[in-house]
Amino acid sequence: MSDTPKIAAARIEVERSRAELIETARDLQARLQPKVLANEAWERAKMKGADLAEDAVDAVAKRPVAVGGVVAALTMFLARDPLKKATVKFYDAMTPLFEPRSKAVALKEKKAAKPVRPIAKRPARTTRRAAQKKTEKA
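By my numbering, the letter at position 137 of the sequence shown is numbered 137, and the numbering carries on one by one without gaps.
Mixed in with the good hints there might be a few duds.
[What the hints assert, rightly or not] Pair ranges (Cβ atoms, derived):
1) V70 to D92: 29 to 37 Å
2) R44 to A79: 35 to 43 Å
3) E40 to T87: 46 to 54 Å
4) V14 to V36: 29 to 37 Å
5) T24 to G68: 49 to 57 Å
6) V88 to E40: 53 to 61 Å
7) M94 to R44: 54 to 62 Å
[Stated by the list, open to error] List of simulated lysine to any residue pairs, SDA-like, C-alpha gap at most 20 Å:
8) K35 to A25
9) K48 to L37
10) K62 to A72
11) K85 to A73
12) K48 to V36
13) K84 to L74
14) K48 to V60
15) K62 to D51
16) K89 to M76
17) K62 to L52
18) K35 to A45
19) K85 to A72
20) K46 to P34
21) K85 to T75
22) K85 to L74
23) K84 to M94
24) K6 to S17
25) K62 to A50
Keep in mind the hints are simulated off the structure, nothing from the lab. Every residue gets a Cβ at the ideal spot worked out from N, C-alpha and C, and that includes glycine.
Given these sequences and hints, build the entire structure.
And the structure:
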């Protein structure tokens, strides 16, 4: 059987479309390989990091005093234990000898003494025998 020119043209179009679809599938398969995806992610992260660093440098250049204050506060927060120890040593070195060196005792709260409750007098206990004697007498 011979195909009509319309059917032949449709078959050629189907083959061309099939070839394009296969080529697109191959391209997608190549783009979705883990190695390619990892490389693309790495490149994007590098670009984003460079942009952030550039923005940070611009911000520091615009407000150096504010950035210096933030860095100083962060440094003091991170080094609070060594700073506290150094301050105590400095204070101890600067206090005269006649003052007590141990401030911990002076800083403790003194507890108030509890009021003493007077002991209440209890009525004398009576035994059963004493109670029976009282009833017998009555």
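Worksheet entry | Hint check, failures only | none
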